[in-house]
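Student: Put together the whole structure using the sequences plus the hints.
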Amino acid sequence: MEINIQPLVPEIIMAVLALLLLLLELFVRRKETVGLLCIASVTVAAYYMPQSFGKAFGGMFISDGYSVFFKFLFFINLILTVLLSIRYIVIERVNHGEYYALMMLSTLGMMIMASAGDLIVLYLGLELMALSTYILAGFIRHDIRSNEAALKYFLLGAFSSAILLYGITMIYGRTGTTGIALIGAALAEGTVDPVLLLSVTALLVALGFKIALAPFHMWAPDAYEGAPTSVTAFMSVGPKAAGFAALGRVFLTGFGPLTGEWSVILIVLSVLTMAVGNILAIQQQNIKRMLAYSSVAHAGYAVIGVIAAGAEGLSSMMNYLFIYALMNIGAFAVVITLRSEGFQGESLHDYKGLSRTHPVAAAVMLVFMFSLTGIPPTAGFIGKFYIFKAAVAAGYAWLAVVAVVFSVISAFFYLRVVMYMYMHEPEGEPLTLSLSPAIGLALLITTVMVLIVGIYPSPFLAFARIAAG
Amino acid sequence: MQYYLLIPFLPLGAFFVNLLLGRRVVRGQAHWPSTLAVLGSLAVSVMVLLDVLEGRTLNEDLYRWILSGDFQVSVGFLIDQLTAVMLIVVTSVSFLVHVYSIGYMHGDPGYYRFYAYLSLFTFSMLMLVMANNFLQLYFGWEAVGLCSYLLIGFWYQKRSASDAGKKAFIVNRFGDFGFGLGVIMVFLTFGTLYYLPVFDNAGDLAARSINILGLEVNLITLIALLLFCGAVGKSAQIPLHVWLPDAMEGPTPVSALIHAATMVTAGVFMVARLNPLFSLSPAAMDVVALVGGVTALFAATIALVQNDIKRVIAYSTISQLGYMFMACGVGAFAAGIFHLYTHAYFKALLFLCAGSVMHAMGGEVDMQRMGGLRRYMPVTYVTMLIASLSISGLPGLAGFFSKDEILFRAYSAGGVGVVVWVLGTVSALLTAFYSFRLVFLTFHGGFRGTEEQRHHLHESPKVMTVPLMLLCAGAIAAGWVGIPPLLGGGGQFSEFLAPVLGHPEAEASHAEEWMTMGLSVLVAAGGVLLALLFYLRNPEIPVRLAERFRPLYSLLWNKYYVDELYDAVVVRPTIFVARNVIVGFTDGALIEGVVNGLPGLVGWLGARVRRIQDGLLQHYGAVMALGLFLIFAIALITLS
Amino acid sequence: MVPLHWYLWLGSVVFAIGMFGFLTKRNVIIMLLSIELMLNGVNISLVALSHYMQDLRGQILVFFIIVVAAAEAAIGLAIVIALFRNKATAHVDEITGMKG
Amino acid sequence: MVELFFGYLAGAVVVLSLLVVFSRNAVHSVLWMLLMFLHMAGLYLLLNAEFLAATQVIVYAGAILVLFLFVIMLLNITEEMRLEQFTVGWPMGVSVSLGVLIAMLAALSGFRTDLKGPWSIEAVERTTHTKALGKVLYTEYMLPFEIASLVLLVAIVGAVYLAKKRLR
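Chains as they are written, first to last, in the numbering used here: chain P, 299 to 767; chain X, 8 to 647; chain A, 71 to 170; chain W, 484 to 651.
In short, the hints are calculated from the structure, not lab data.
Keep in mind it's a predicted model, so treat the numbers as computed, not measured.
All C-beta atoms, glycine included, are put in the ideal place defined by N, C-alpha and C.
Treat the hints with caution; some may be incorrect.
[What the hints assert, rightly or not] Label pairs and their computed distance ranges (CB to CB):
{"#": "1", "chain 1": "X", "residue 1": "P246", "chain 2": "P", "residue 2": "E723", "range": "36 to 46 Å"}
{"#": "2", "chain 1": "P", "residue 1": "V702", "chain 2": "X", "residue 2": "I644", "range": "27 to 37 Å"}
{"#": "3", "chain 1": "A", "residue 1": "T166", "chain 2": "W", "residue 2": "I560", "range": "15 to 25 Å"}
{"#": "4", "chain 1": "W", "residue 1": "V549", "chain 2": "A", "residue 2": "T159", "range": "16 to 26 Å"}
Tutor: Encoded structure:
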C-alpha cells in the first residue's frame, strides 16, 4: 500500500515539534522561551501548508482549500493565544511548559478534524482536541473555579462524545461505511428512515455541543468563566471553529442528500441560539461570562452560513469565524490585561472610566465591542453582512431579519461596556494594566486586522471564497 | 486628475493628527494642521474647478468595499460641474471659519477637540458632495450629522447644549429613516447604487407604480419623496425644522459653517444631484416646491419677533433654504444651487458677525441688551450691514441675483410656481425687515446693556475680522458670475451647471422678468424702510403693535407652538411609553422583564431557561438529551 | 441465529442506562462510570454490526473507543483529584460555583 | 443454543448495568461493572471477536476499573453510604433517558442490513481474528492509530500534571 504523507506534513511537523517542546520543557528554565518556540513551530508548519494539498490514506485525510483555510484560522488562534498567555500564566502562577505543548496538541486535533475524510479520524481528532482542552481549562490547579470549569467541560464533553459515537455507529450500520464522501454517495440513492434520522440527530447534538449551539451550549458559560482567561480565548475560538469545520464537511458532504431534513432543524437551533445567547448575555456582570454568551450567540449567526449551504454559504461561515476569532481574542486580550496580581478584573464595573485611566486600552476595547456588535467599518460588520447576504440569497430572508434583530439586541450589552469605559468616572483604586510586549503585539495584530478587514475586505473575502470552492 | 483625492483626505489626516496628538502634543496649536489641511483642499478645489471649466469631468471608483454578485459598495468619486461648485463653497467657507475660530475659540479647554471635529466634518461633507453612489452619499450624510451633533453639544457641560445635540439627533432620525428607505428602494428598483446607471434607467420606470396598502403609488414619486424626507430633516424644512434654532447652542463658527453654509444645504444638494429622478415625478416636485415656499414664509415670520441674535439668523437660514427648495421644486435646479452658493457667503458672514458681537458682549445673545455697537466695532458693523443688504436683495449684491433668479423661475414655471412665487415675494419683504431689525437693534441707537458690558466693548482681533472682510467680498461679488442676460450679464453660472442640471425653459417675456425683478427690489426696499421706521425713528410702534395684535405676536414669539405641539404629540407620549412600558419592562434587567412581563408559556419557558442554567451540570446534560429526543421525535413525526 | 436488531436493542438499553446514571447520580466518579456504560452500549452495537456486515471497520472503531475511554478515564479522574484537593467533595451538586 | 447464550449474556449485562447505577456503595458499582465487562466480553466472543473480548477484559477490566478503584479510595465510603445518591433533578433524568431509549428502540426495531464486506466468518477464521484486525489496523487505519497514540500521550501528560502533588 502506497502511503502518501505529503498532505500530512503540517500535522506531522506540529506533532513532532509538540513532542520536542514537551521534552525541552524539562530543561528550559524560562518557560517564556517555550511559548516563543511554540509560535516558531506553528510558523514552520504554516510554511509547509501551501504544498500540502491532496488526499492521503485512501481519502481518510483530505487537505483542500476548505481545510487549509481552517488550519490557518487555528494557527492564528494558537499564535494569538500564546501571545496572551506568556505573561498571564505567570500572574496565575501556573507557568509550566506543558501548557504550550497541550495547546499545540489541541490545535493538532483541530487540524485533523478539519481534514477528516472519515468519521473515525474525525472522532479521534475531536478527542485529541477536547482532551487537551479539558486539561487546559483546569490548568490553574489551585483555583477551584478552574477545577470546576474543567470538570463540567469534561463530563459534558465525554457525554457528548458518547452521543457522537452512537451517531457514528448508526450511520455505519445504515451505510456500511465511515468515509464521509462514501456516506454521501450511499445516501444519494435510498430513502430516509428512522435510523438515519437518529444518526443525523446524534451527530448534530455532538457537533452542536462543540460549537455551543443552544440547547447544547450550557457548558459554555460555566467553562468559559472558570477557565484561565487565555484558555477561554483559545477555546472560544479553536474548538468552535473546528466544530464548524466538521459540521460543514459532515453535513454538506456526508448528509448532503438530507439537506432538506437537517436544515430545518438547524434553523430552529440557530434562532434559539441567537435568542439564548443574546438575551442571557444582557444579564451578565462578569465580562468573561458575558463574552461566553456572546460567543454562543455568534455560533447562532455563523450557523446560518451552513444553513444557506453552497459555496457562498460556506465561505460566509468561514469568513465569519475568521473575523470572530480576531475580535473575540482581541476582546479577551483586553480582559487579560486587567488581570494583575491580586486583582481579578473580570467585573464589568472594573471597566468604569477606563478611557480616563488607560485611553489606548479603552479605544482598543471600543473597536472590538463595535466589531462584535457589527458596526461598520469594523470587520464584524463585514462578517455579518455576508452571512445575511448568503441567507437572503438562499431564500431565508426572514432568518436574516431575525438575525439582524438579535444583533441589534446584542448592541445593548456590547455598548454597555463602551458606556462604562467612556461615560463613567473611574471607581476605587486606579487600575494597573499587566502589559507585556507579547500581549501588546497580540492587541496590535487583532486591532489592525479588525480594522483592515472592515475597511478593505476584498482580498480576504476572495481567500475564503476560493477556499470554499 | 488624481490630485482630487487630496481634497477630502487632507482634512481627514488633520483629524487624525488632532485626535491622536491633540491632547498631549498639539494642544494650543491645534488650528495649524486643520487650517493648513483645509487651505490645501481649497487650493486643490480651485484646480479641480479649472479642470472642470475646461470640460474634464471624472467618475471613478477609488476602491471596492463590498462586492458580491450584483451588489457593490465602493468609495467612488464623481467630479462634475455641480461637485466643483460645491467643493469651492465647502472648502472656502470652511477655511475662513477655521481661521476665524482661532480667535473665537482661543483658550477653550476643548480647543484641539474642536479642530478635530471641524476637520472630520469637512472630510465628511466633502465625501458627501464627491460621492458617485447613493451609499456613500448616505454615509456622508450620517457622518456630517454625527459631527453636527458632536459640535452642537460641544459644550456638553451646558445642559441646554447637550439637549440641543440630542434634539438634532432625534429629529434627524425621522428624516434619515425615510432617506435610508429611499436608498434601499433605489437598490431594489434599479439593482445598483451608482448614480449614473440609476439616472439612465429612471426614464424607463417613470410609469411603474406599486401597490402599498391598496394605494397605487408611482414608484419614482415614492422614491423621490422618501429621499426628500432626508432633505427635510437635514435642511430643517417644515415639519422637521425644530432642531436648527436649538442647534445655535453650539459655538458660533460651527453655526456659520455647518448650520448655514454647508451641512444644512446638503438636502438641496441632494435634490439637485438627483434631479433626473425628481424631474420624472411632477408630484414630488410640487411637494418640494410647496414645502420650500411654505417654509420660507413660515420661518421668516418667526424671525420677525425673535430677540436672540443667533436665532434670528437661524430662522433666516431656514427661510433661505426654503427658497432653494422652491427653486428645485419648479425645476430651476441651477437657480437653487446658485442661491446655495451665494447664501453660503452672506449667511456665514452674518453668523460670524453675530459671533463677533457676542465675543464683544461677553456671550450676550439678546438684542434688547445691545444697541449702538457700530461705534465700538466698525468692521463688524460694515460687514454685517453689507451681508444684510445682500440677503435683502439690494441690486448688485450677491443675494439679489440669486434670489431674483429663483423668483423669476418660479413665476415663469406657472402652476404651483406662481403660488410659491407669491410666498417667496412676501418672504422677501419679511427678510429685509427682520435683517434690518437685527442691524438696527444691534448697532444703532443707545447701548442697553450693563455698564460692565459697555466697559468691555471692543472690536474683534484681526484673526476674526479678516475672515469677515473676505466673506464680505464674497457677499458682494459672488453673484456676479450669474448676472442674468437681462441685465447685460451672461448667466454663466447656470450655463456652467447645465450639463448636470439641465436648462430650465423660461416661458415669460422680458416684461415679466422686469416685473418680478422690480417687485422684489420694491418689497426689499419696503422691508428696510419699515424696519427703519419701526426701530430707529419710532421705537414705540413695534411695542404698540405687539400690544394690539397680542395673539399674533405671541403666536410668532412662540414659533407657532411647534415645539410645544411636538412635545405634546410626540415627546410626552414617547416618554410616557418609555417610562411605563419599557422601564417597567427592563426594570432590574431586561430578561426579568421579558420573563415576568410576558404572560403564559413564554414567561414560563424563559424562567426555565434561566433556572436550568443553575450550575448543576446534570441539568445541562438533561437539556442536551432532551434536545436530542425532541429533535429526533419531531423529525420522525414530520417524516411519517 | 440472533437477529441483528436484538444486539442493537441491547446496545441502546445499556446506552440509556448509562445516560440515566450520568443524569441522576450525585457522585462524579459514578457519572464517569456511567459514561463508560454508554460507550459499552455503543461498542456492542458496533461489534454486532461489524459481524453481520462481515466488515472489520466497526471492530476497529471499538478498538479506538477503548483507547479513548482509557484516556478519558485517566483525565477525568485526574480532574476529580485536582478538584478534591481544593474542595473535598465528589458530589456534583456541590460543584455549582458558576451559574446564571 | 446461540439464542440461549445471547439471552443469558444480554440479561446479565442489563441487570449488571442497572446494579452499577443503583448501588449505593461506589466500590460495589465498580465491581458490578467488572462483572458486566466480563459478560460483555462473552458477547464479543459470540460475535467472533476474540481479540476485542481479550482487550475488553485486559484494558477495561484490568486497567481502567483499577484506576477507578484507586480514586474511589479518596472518598469516605461509610459517609457516602448515608447520603442521598441521586440528585434532586432525578425525575427529569429518568424521563429523558427513558424517552431517548424508547426513541432508539423504535428506530432500531426490525433493523437489518444486506451489506456484506470481505471479512466473512470463514475469512476471519482463516487468518485468525487478531491477525485480521492487525492487518486492517496497520494498513488502512494507520492514521487513526497514530492519532490514538497522541490521545494517550495527552492523557498521560494531563493526568500527571493535574494529579501530581507538587510541581517544581
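Student: Each hint: holds or not?
Tutor: Hint check results:
1. X/P246 / P/E723: 36 to 46 Å: 40 Å, holds
2. P/V702 / X/I644: 27 to 37 Å: Hint holds: Cβ distance 31 Å, inside 27 to 37 Å.
3. A/T166 / W/I560: 15 to 25 Å: With Cβ atoms ~24 Å apart, the hint holds.
4. W/V549 / A/T159: 16 to 26 Å: 23 Å, holds
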